[in-house]
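The listed protein sequences derive, respectively, from chains A, B, C and D. Take 1 as the starting number for the first sequence in the working numbering and just add one per residue. Take 285 as the starting number for the second sequence in the working numbering and just add one per residue. Take 646 as the starting number for the third sequence in the working numbering and just add one per residue. Take 856 as the starting number for the fourth sequence in the working numbering and just add one per residue.
Hints in this document: simulated from the structure, not taken from any laboratory. This list has only true hints and no planted wrong ones.
DSSO-like cross-link-like pairs, simulated, lysine-lysine; straight-line CA separation at most 27 Å: (1) Lys326/B x Lys143/A; (2) Lys542/B x Lys919/D; (3) Lys542/B x Lys10/A; (4) Lys484/B x Lys919/D; (5) Lys670/C x Lys542/B; (6) Lys148/A x Lys326/B; (7) Lys676/C x Lys954/D; (8) Lys804/C x Lys986/D; (9) Lys804/C x Lys605/B; (10) Lys108/A x Lys237/A; (11) Lys192/A x Lys326/B; (12) Lys476/B x Lys732/C; (13) Lys7/A x Lys986/D; (14) Lys670/C x Lys484/B; (15) Lys10/A x Lys986/D; (16) Lys986/D x Lys281/A; (17) Lys7/A x Lys542/B; (18) Lys192/A x Lys766/C; (19) Lys165/A x Lys326/B; (20) Lys676/C x Lys484/B; (21) Lys7/A x Lys670/C; (22) Lys43/A x Lys108/A; (23) Lys670/C x Lys10/A; (24) Lys242/A x Lys43/A; (25) Lys700/C x Lys954/D; (26) Lys676/C x Lys542/B; (27) Lys676/C x Lys919/D; (28) Lys670/C x Lys919/D; (29) Lys168/A x Lys326/B; (30) Lys766/C x Lys398/B; (31) Lys484/B x Lys542/B; (32) Lys168/A x Lys43/A; (33) Lys168/A x Lys143/A; (34) Lys165/A x Lys108/A.
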Amino acid sequence: MRDFLIKLSKIERRYIYLALFLALTLPLIFPPNFPQKMSPTVKSVFEFIDTLPPGSHVLLSADYDASVLPEVDPMYRAVLKHCILRGVIPVGMTLYPQGAVLALDAFKEAEEYLGARRDTDYVFLGYQAGFQAVILGIGENIKNVFPKDYFGTPIDSIPAMRGVKNYKDIALVISFSGSSVPVTWVIYAYSKYHQKVAAAVTAVSAADFYPYIQTGQFVGMLAGMKGAAEYEYAVRKIMKDKGIEKLPPAKAVKGMDANSIGHLLIMLFIIIGNLGYFASKRRK
Amino acid sequence: MIWIYLIINLLGNAPPRVFDVPNDGGNALMLEWQLPPDSLGKVDSMLILRKTLPEGKVDTITKVFINHPEFVDEGVNYKKAYQYSILYFIGPVQIHSEWSPPTKPVASWIDTRKIPLFILMILYTTILLVYIFTARKGRELYLRPIAGLEAVDEAVGRATEMGRPIVYVPGLSSISDVATIAALNILAHITKKAGEYETKIIVPVRDPVVYTVAREVVREAYYTIGRPDLFDPGQVYFATDSQFGYAAHVSALMTREKSATNFFMGMFWAESLILAETGASTGAIQVAGTDAVTQLPFFVVTCDYTLIGEELYAASAYLSKEPLLTASIKGQDQMKLLIMVVMILLSLLSVFGVNITLGLF
Amino acid sequence: MHISTDPWVWVAAILTLAIFTFLYKDNPLFKFAEHLFVGVATGYGLVIIYFNAFKPNLYQPLFVEHNLLYIIPFFFGILYFSAAIPKFSYMMRWPIALLLGIGSGLSIPLSFQTYIVEHTKSTILRFPYPNAVLFINALILFIGVLTVLIYFYFSYPHKGAIGTISRIGIIFIMIGFGASFGYTVMARFSLLVGRIQFLLGQWLGIHSVM
Amino acid sequence: MFQRRIPLIIVFITGVLMSIQYFIPHPISQSAYNIALTWFRGVASMAYAIAVISFVRHHSRRLKQPQNRFYSAVALLAFLFMCIAGFGFGIGEGTVFYKMYLNVQVPLQATTFSLLAFYMASAAYRAFRVKGFEATLLLITAFIVMFGVTTIGNYIPFIPRLTEWLMAVPNLASKRGILIGVGLGMISTSLKIILGIERNWLGG
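Chain A with its partners taken away, still in its complex shape:
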């Protein structure tokens, strides 16, 4: 027994590599679909949107470019679908020039899978230059900043925008980003106009944002692939409950399941490595 344990502390690295390769590949081919329990910060965002009265407006700012796509894009898609499923009107915009095309694709997906209609179920405003000026401007009058939407329709003639003037008429702003833009939203929209703000960010930048959660400046936060997967899972569940048969690809859930198994594998290796280490130490 002890010899076996000692052997465990000296597994050749090639076997570790092989095990890891399988741990990350098999879940991609045979998705395990682990049930995802929401972490507290994700839950606060989800529940906020879930309990909004239908017809409320949520501003989804796609403040990211292609470099952080794998983590942030699934979040945008999931939150957007959640809004539509709940009858909340998502208003898409971006502070990054590249963001418009990326976000538009998410709206197209919502059209395809949920039959969302432009200008009645959602609004897409597109890109406007200048971070601070745009955020402050919306507090004044959204029409000043976005006189027309992305497709050139004047804001006044969009049915879904009726009665929306400034932050007072917007229930929540979510900034999707891989940088510090969510903090800019906090500084100008939260501090000046008391607008509720949430963040959806990459895992790397999330570490800098935890203090804002503690002080309540963010309603909640979706962090990294994990946050994306948790939200995506919940939204897919709503879709299934509603009897929608054709579901969009579960990118984040799939990636996260593979990732979780990979993490567990490393942890397992650490444990058996230490068992073997103890066994060999006791022999001496």
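Fit chains B, C and D to the known structure of chain A by using the hints.
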């Protein structure tokens, strides 16, 4: 378009107040205004007009937000003067304010907000110079021993015992990176040490300028110990400037040459673990040193010894046995002490309700 | 399952596999890929540096706009070629000096700002705190920064009280390292998942993995 | 004289000017700054010439070694091919140069980068052993955070919060402490370079 500006001028509307924005290059003016009295109706929107003097050219600058009664015009030049006027739209009526008196933006020669930082810089320079002059006078300065140093020499010794080469990676950054400078200092020491035992040292480099300097450092080191014959122009070379191309190359190098000792000193990014873990898999002794906080965990886990952050700079001072470098470590220490005192003092003051902002931007 | 018919995808897939073979052991296929990588990357670097750095910053202002101010950097740049002539190779130090001077000069005030002032400012305790948790966190942070700084204080040996304090410092450092290590695993796994998805999905055509 | 003094004078003058300009917002200082930056980029770009010379020399030398001949020829040919493609036929989208970049360099880069996943696993297995106090601390925090970032971690009530706390408090404290010291070292080295005290870059 001109006719828009020719509108009934009601009751002599006050012009906007114009201020120079201080501490800039004379490229901004700030405007403040008061909305016309409510009796005239609610303002729907407004435009700011700017007249550039001496030409007298009028531009419409921007649409602004009504309830935010200030605006910074960043499109001005310190060589010219400007007048401003505001055009209010109230229903079908347009109201034109008077022109503000001509204002010239001022280009400042010093940014007063940065003065505290400047003082701090002078202070630090002085502390450093004081120590450096003390050292020049030949006074011995005490520094505590650091554990990693013996590790460096032991690692060189081991390569000698095994009769296998040393691989020295001077980081992936450029010559203006402090870590690279420290790495080159350490390279000089290690080359001398290795040269005494005729142990081969291979230095693949990623940055072209660092390559030329590293080559000179190695040549010079052999020359100092009286063995210029040991220098082989092929032992220091530019590998490639692609981060992962370099990582792939050095991984292969360590595996093929079966190096007994690997040094990773300088600035590293994500490739750190590729290098260190491949090196570990060949059973080599490894000593790392970097000030890249994000990569330190990986070196600490995979290397036999790691110089953490400042220890890298300190090691370069110790090993080069240059009293002036030791003096500067001493100067850094005193500055560190000062920072700690400031932190504690300001925190204590805050306990008693006095919150001092450092006034540093 | 529809295996890709795009030859470029095949090239990318074979090279991907070639790199992976290094995990088993060094072999001719990897050695080929490594040398190809180094060659292509160096060629790419030269072409890109020419078009993105040399052309706009030197060639354009000097030879097209005839701005004579740019003779100076061009002259300095030419000196690099003295590397090829041993007798004059010391001249190469001039451009290096120019780069170092500009680089060091720029970095002094900026490093003060980003490394010293910002970190010091956000570490100092600021009362009042909205709740006890925030205060305790700020206090731990404060103690952590101070003890780590003392660990790096070289003028006094790690003995007595200083020894104890720097021991606390090293505890913070180790916890920090452990946390960053654990936190980075996800990002690296995601990269590998991306490569596996490329191999299985784009190359072998198992689209369900994407 | 020419060997050491002139470079030291150049470093001193440019260094002092560049550190002072930070405090002067006047357009004259700003345009000097912009010119210095283009000079910097221009001169730095020409340094690549050295890279190319060294690269070609290094691999030509290896052409004489039978075991390396083939591979160094591959490196040289690949280099030459990219140069001809880039300078001869342009670098825009759809060119051979761009395709080589996208289908040769990018996958090689991404795959080498992804090797890190394997190395993370083997490094953790090999090094995370309960020996000594510090190693144990490292192991435990890494373990908690790894658990905290997975889906399963959410089922244990305190794990997600603890992970956040570890990242936001002790991790931040250690980073800050290290960075303050590193900053001081950077500044002092830059000063020493400008003042001509640190001369190692002159080569020995």
